[in-house]
Structures are given as C-alpha cells and as structure tokens.
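S.K.: These are the residues of each chain, in order.
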Amino acid sequence: MLLKPLFSDNAASASSCLSMSQDSLNFTEKGIKPLTKWVLCSLLSLALLVADERLAVVAQARNYVMAAVYPVRQLLALPVSGFEYGSHFLTRQADLVAQNEQLRRENAVLAAQAAQTASLRQEFVQLHQLFDLSENLAETVAVAQVVRDSRHPLQERLVIDKGSRHGVRPGQAATDAYGLIGQITSVSPFSAEITPLKNRASVIPVMVARTGFRTLLYGDTQGLDLRYFPSAADLQVNDVLVTSGIDANYTAGIPVARVVSLEKAGGTPYYRVRTEAAGNAESARYIMIFPLNRIQETPPQPPAAEDAVSFRQPEVFTESAA
Amino acid sequence: MSQWDDYGVGFGRIIFASLLIALVLTALPLPHAYFFWLPDWVAMLLFFWAVNAPAQVGIGTAFVMGLLLDLLINAPPGSHSLAYCLSVFLIVQRQKQIAVYGFGAQAVIVLGASLLVQAVLIVVWGVMTRDFAGYGLLFAPLSAALLWPLLNRLMFTVFSLRRR
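As they're listed, the protein sequences go chains B and X. Letter by letter, the first sequence follows residues 0 to 321 in numbering that gives the first Met the number 0. Letter by letter, the second sequence follows residues 0 to 163 in numbering that gives the first Met the number 0.
Don't take each hint at face value.
Claimed, not checked - Residues from chain X that face chain B, not an exhaustive set, calculated with beta carbons under 10 Å:
#, residue
1, L29
2, G57
3, F62
4, L66
5, N73
6, G77
7, H79
8, Y83
9, C84
10, V87
11, F88
12, V91
13, V126
14, T128
15, G133
Claimed, not checked - To be clear about the criterion: a stretch of chain B counts as covered by chain X if any three or more of its residues have a C-beta under 8 Å from a C-beta of chain X, and this derived list gives those stretches:
#, stretch
16, 46-52
17, 55-65
Bear in mind the hints are in silico, worked out from the structure with no lab data behind them. All C-beta atoms in this analysis are idealised placements derived from N, C-alpha and C, irrespective of residue type, glycine included.
Chain X with its partners taken away, still in its complex shape (with noise of 0.2 Å):
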C-alpha cells in the first residue's frame, strides 16, 4: 500500500464517491430513445479504477456496482455484475501494460471492453426475453472511448487539485 501514501487517506473516499456519482448518472430514467447513445459511466469508471487503482478496484468492486445498478434500474439481478466482472477481469489480467499506454490505445481497449459488457448484457436479454436488443446498444462503447481521455484529464484534475 506504500504506494498510495502520497495520496492520502482521502483516496478510498474519491474512489467511492467516484463510482456513486457514475451510479447515480447510470440510473438516472433518462429516455432511452433519445440517450442511447450516453456511455455507461459506472463501466467506465470501473475500468479506470481498475487500470489505474488495481489494489483498491478490481473484480470484487465490479461484481457490487454491477448488483447495486441491476437492482437501481430493476434490470435482472446479476446481468450487469456478470458483464462488469468479465470486462475488469480482461483488464485486471492486462493491466501493467494498459496503465503505460497513451490514452488513445486505452480508448480503444475501453471499446472493447465496453462492447464487451453491451455483448454480455445483449445476450443475458435475449435468453431471458427471446428477443434482440437492437444496435442502439453499440453506441455507447463508442462514446465510451471517445470520451475516455476526458474522464482521465477530469479525475487526474481532481488529484492534482488535492495533492496542492
């Protein structure tokens, strides 16, 4: 844990109040015939904790956010855990090399792992439904990626601002 010393005690409580703010904009009963295409932020912050804080964030984390959002939407419980788990564990297997990448080949691993998650949850839908859920759910992998280096400069803002 030495490695975390010169970020404080705080550092726990900017990763939790991190993922409750994704958790709220995640839940928020926005139409989804207009807002499709908005990313999922507790995916995303996910990954980014896992890729940058491994010790603190990892499967575990995942599997909780993921249970917290299936039962704050109502979506089946265990269908967004089962897909968090499998995208972080990719990550959490690669992250030493992920974490030295720029932010554009991390944008792309974010893709993939994000269309990932929509794959895990397509499928989940269809068995328990027999019924597709449509292409609209490819879009927000990609204003995933797009807005990955943002949500970087924004949590990297917010360190430097406590580290003063």
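Next up, chain B with everything else stripped away, as it sits in the complex (with noise of 0.2 Å):
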C-alpha cells in the first residue's frame, strides 16, 4: 500500500494518501500477529541449529540436501571461475614466461628427486613385505578442484567437486601442492568440503621432521601454534613439522608448518614459538586428498613410542602387535 506513496511526487500528497489507505482503517488483523510469528520462526531456527548441531539424523539429512543442492552451487560458482579465468588473459606475457621458467626449474628438481624417491620406495615396500606388514605409504587418491570458497570468514570452507563416488571420506587430510591445507569435514555423493586448519577446533599430531619429536599443533584463527613443545628439547629456526602418523586421520609425513622464530620463555617450560603454515587454503586452486591413515584398524596405540627416533616405529610395534 505505500509504494504509493513513494511514487507520488509531492510530500503532502503522500501523507493523506497514508492516512486514507485502506489498511489503517482495517481494525481487525487478519492472520497471525507479527510477534507470534517472530517467535514461533525464531524458535523454529533455534531448534534447527540445535538439532543440526546435536542430532546425527538432521546432519545426514543436511548431506543429503547439500547433494541435492550442489549442480545449483556448482552453477553459482560458474561466473567467479569464469572471471578467474578471465583474468588469466590480462596476465603479462613476460610474466607468463618468467613463471614458465620458474616452472621448468622446479620441474627438473622435482623430477630428479621423484626418480630418488621411487628407488627408495621400492626398498621401503619390500622391507615392509619382508616383515609381512601391510603398505601405508601416503598415496594420493584424488585430485580435486576447489569449487569455491565461503561467504563468512568463520565459515571459510572449501569445497572441492569429488564427493563420496569418488572415495573421498570425513576426516581424510587435504593437501595443496606444498603442504596440509585441512581435513574433509563433510561428505555428499560428489562434493565434500574441507575445513582448513586455521579454526580454534582444529589440532593436528606433527612431529619435528629433523629430530622425530612428537607434539601437537593447535589450530587458531591468526595461525598454528606450536603450545607445549618442552625447551629441553632440541628445536631449531626453519625446522619444518610433519604428521606423525600417529592419529587416525594424517598419513605420517605431510609437511604441516616450518618454525619462523622460537625463544626459551622464562617462568614457562616451553618454547614460546611462532609457525608458519606450509600449505595456504587461500589460495590453492587444486587440492590432493590422502586416504585415512592405517592406525584406525589397530587396537589403541600403548603410549610407548613417545620418544622413538625413527618415526615408522610405532606403526611397526602396533601392527605386529596386532
């Protein structure tokens, strides 16, 4: 009724079409009343977030919507990708052949090592056939394309376009190219989303790839932080945190975070340490998904091998153990 108003030209003209409209002289209110409505929506919403967050039955029946929604999300993605490719075209040649370079360089070295690491592989395998234990080399399964990223900050998660189909399962660990960039959270039949590792939830068991100490490594929102890592014990500038291996999601061995900057706190046991993540969700365009680790089959870890060097013992003493 007041788009009428609005319309007319002058301001008096409006305030006596509002006094006469129909519906200030319309008495009886039809319908609900605004404030029961307000709060029968208010408590429904409520009630949704608590199931979702609470009951197993609604989340599932959210994956289930989530798949049925995806070809719409996968459109809406369309135009921001589009115009990511766009842009591609405005890159300068110079750049595009200085980044070729740069590519070539790194592709040789990566070749050479790949080449040294096959042979090494090679031996691992059969040394493990020697002791008649299963392989639990981190073996790529997937390699998706990251669909989108989120509209809240809190929220930031990224969806990549490989699904359940394609084997991909809550709580397996997500890669870029130079390290973790977080962990599958949810699952439909063809998309899943990974939460990245910067979120308060988020722990991760790493150990000190250069000494095999293990520790954990709590997720923030600024960063990853590096809490309770004893001064008496060896750390050093530029040493680079892998999985351990010893939870049931990390394969052993993904780069995690490299030390920036460590100092011997007083009154604290602990090294006051900053880290710097390896990978960055921000900006990874392809992203590589690991299978679970092996340790879920296993009875329980003993907590004996805390303080071994080699960092494939533990799995050597549960599985023989087993």
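Now that you have both chains on their own, put them together as the hints suggest.
M.R.: Dropping the structure here:
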C-alpha cells in the first residue's frame, strides 16, 4: 500500500495517501500477529541450529540436501571461476614466460627427487613385505579442484568437486602442493567440504622432521600454534613439522608448518614458537586428498613409542602387536 | 489487497524475482578476503519489501529466505533465518513510520537492521565455533546503508516501467 505515496511527487499527497489508505482503517487484523510469527520462526530456527549440531539424523539429512543443492552451487561458482579464468588473459606475457621458466626449473628438481624417491619407496615396500606388513605409504587418492570459497570468515570452507563416489571420506587430509591445508569435514556424493586448519577446533599430531620429536599443533584463526614444546627438547628455526601419523586421520609425513622464530620464555618450561603454515588454503587451486591412516583399523596405541627416533617405529610396533 | 490492484497480478512475480536475484547474488562464492564489504542483498531486499509491501513480505518470507541462503552457502541451517526474522520483525513493527521517512532516515534504519543481522550471525557463529568472526563483517551493513537509496530508485524504476 505504501509504494503509492513514495511514487507520488510531493510529500503532502504522500501523507494524505497514507492516512486514507485502506489498511490503516482495517481494524480487524487477519492472520497471525507479527510477534507470534517472530517467536515461532525464531524458535524454529534455534531448533534447527541445535538439531543440526546434536542429532546425527539431521546432519545426515543436510548432507543429502547439500547433494541436491550441489548443481545449483556449482552453477553459482561458474561466473566466479569464469572471472578468474578471464583474468588470466590479462596477465602479461613477460610474467608468463618468467613463471614458465621457474616452473621448468622446479620441475627438473622435482623430477630428480621423484626418481630418487621411487627407488627408496621400492626399497621400503620390499622391507615391509619382508616383515609381512601392509604398505602404509601415503598415496594420493584424488586430485580435486576447488569449487568455491565461502562467504563467511568463520565458515571459510573449501568445496571440492570430488565426493563419496570418488572415495572421499570424512576426516581425510587435504593438501595443496606444499603441505596440509585442512581436513574433509562433510561429504556428499559428488562434493566434499574441507575445513581449513586455521580454526580453534583443529589439533594436529605433528613431529619435528629433523629429530622425530612428537607434539601437537593447535589451530587458531591467526595461524598454527605450537603451544607445548618443552624447552629441554631440540628445536631450531626453519625446522619443518610434519604429520606424525599416530592418529587415525593424517598419514605420516605430510608437511604442516615451518618454525619461523622461537625463544626460551622465562617462567614456563615451553618454547615460545611462531610457525608458518606450509600449505595455503586461501590460494589453493588444486587439492590432493590423502587416504585415512591405517592405524584406525588397529587397536589403540600403547604410549610407549613417545620418544622413538624413527617415525616408522610405532606403526611397526602396533601392527606386529595386533 | 485493493491497494495493489493498480500494480496488477504481476506484482507477486516481481517480488519473487527480486528475492531470487538477491539470493543468487548473496550466495555467489566470492572470496571473503576481497568481498567482505559487499552488502547482504537478501537482507536489503527483505527490508525493502517489508517496508513497501508489508502485506506480501514479512517474517515468514524472511524465515524462508534465510533458510534457503543457509542451504545454498552451507551455513548452519537456521542461522540466517534467525537473524533475518529479528530484523524484519522490528521493521514490521514500525513499518508505517519507516515508509514515510526519506531515504536518508531509512538508510540509517537499514544500517541498524543490517548491523543487527550481523550481530546475530556473529553470536550464533561464536557459540558454535567459540571464535570471533572479525570486524570485517561490520563493513557490509555500511555499504548496505549507502546503497539503500540506489536500490529504492532501481526498484521504483522497475515499477514505473511496468505501469507504463
């Protein structure tokens, strides 16, 4: 009813229109009162929020809904990825040549390393067969493309276009070319969501690649925090932290972070450490998904392997015990 | 309903189309780091219709739109509907006053209502993740208020085109 006064040209006619509009003379209100409606809708929203958090059935139902909505979401992602694709045309040729040169150089180094690794891996597999153990080397399951980032900062999640049909499971580790960026948190048939490491809920069992010392790395919105690293233990700047493989999710040996600076703080038995994440969830374009750690199938670990030097040792220990 | 007679039967269709466009624009997967200042189009359109077509769009529509947005961007279901319902409810309560205000005063009200939306979202997210979403969220209401007169002009242009 009130579009009419806004369309009219002068304010006087607007106010007269308002006072004469039929709605204001309509004293018998039909339907539900706004207050009741608001209370009902708010209660319904809250119920949905709580149910989604607490009831597995509702969360499961949401996964199905997400699978149904997935084509729409992919459609929505089209213009955005189209824009990114278009912006590639605008990069200078000199930049491209330089980048190409750098990639070539990197590729040469990587190829040499890969050749080296292949022989090592062969040796490793043979040794494992010798001990009659299952092979537990990290093997890439899928290379998935990122479909979209999210709108909300706390909800910054990546959607990839591989789902349970492609063997993606909740809890699997997701990495970009340089290191761990997150964990698969929800899976629908043709898509899955990665929650980046940078949130309060993530705790990653890591070990210092140089010494084999195991510890936990805590996620934070600012970055990754190495909270409880005893100052009695050996740690240096530029030490690389890799996943230790003693949990059920992350396979051993994925780079997670690098120590940027450290100091011995007075009054606490721990180092004060600043780290830098190895992977970059914000700029990741292609993402690798690693299979779940095999340890899941074995009984819980005895805590004896805490100070083992070789990082393969705990797995050997449990699997021979099982 | 007599007051809508001169806008014809296509009126509901315009509301539907505008809300749909707003939904698509809001659900576009733009990276948050660069586009945090973009307004919440769904909230703006809901406010617009709640002020200018209270018989058609109200708290129920706000709830449905919020839920649809939650599903589209995979937010916890109910978070946006909770936020929209509160703001739209407050606007509906004062609709007759707000409708005769100028764009400037309306923009201030839109700023407040959008801030309320973000506040509810921050609280819901805070409770769920034990984390603060950051001050970047407070830019979106500001741009919503700045764009409010423009949105009004646009919608009224659409109407005048239809009436001709």
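S.K.: Now tell me, hint by hint, if it's right for this structure.
M.R.: Taking the hints in turn, this is what the structure says about them:
no.	hint	result
1	L29	holds (6 Å)
2	G57	holds (7 Å)
3	F62	holds (4 Å)
4	L66	holds (8 Å)
5	N73	holds (6 Å)
6	G77	holds (3 Å)
7	H79	holds (9 Å)
8	Y83	holds (9 Å)
9	C84	holds (4 Å)
10	V87	holds (8 Å)
11	F88	holds (4 Å)
12	V91	holds (5 Å)
13	V126	holds (9 Å)
14	T128	holds (5 Å)
15	G133	holds (5 Å)
16	46-52	holds (count 5)
17	55-65	holds (count 3)
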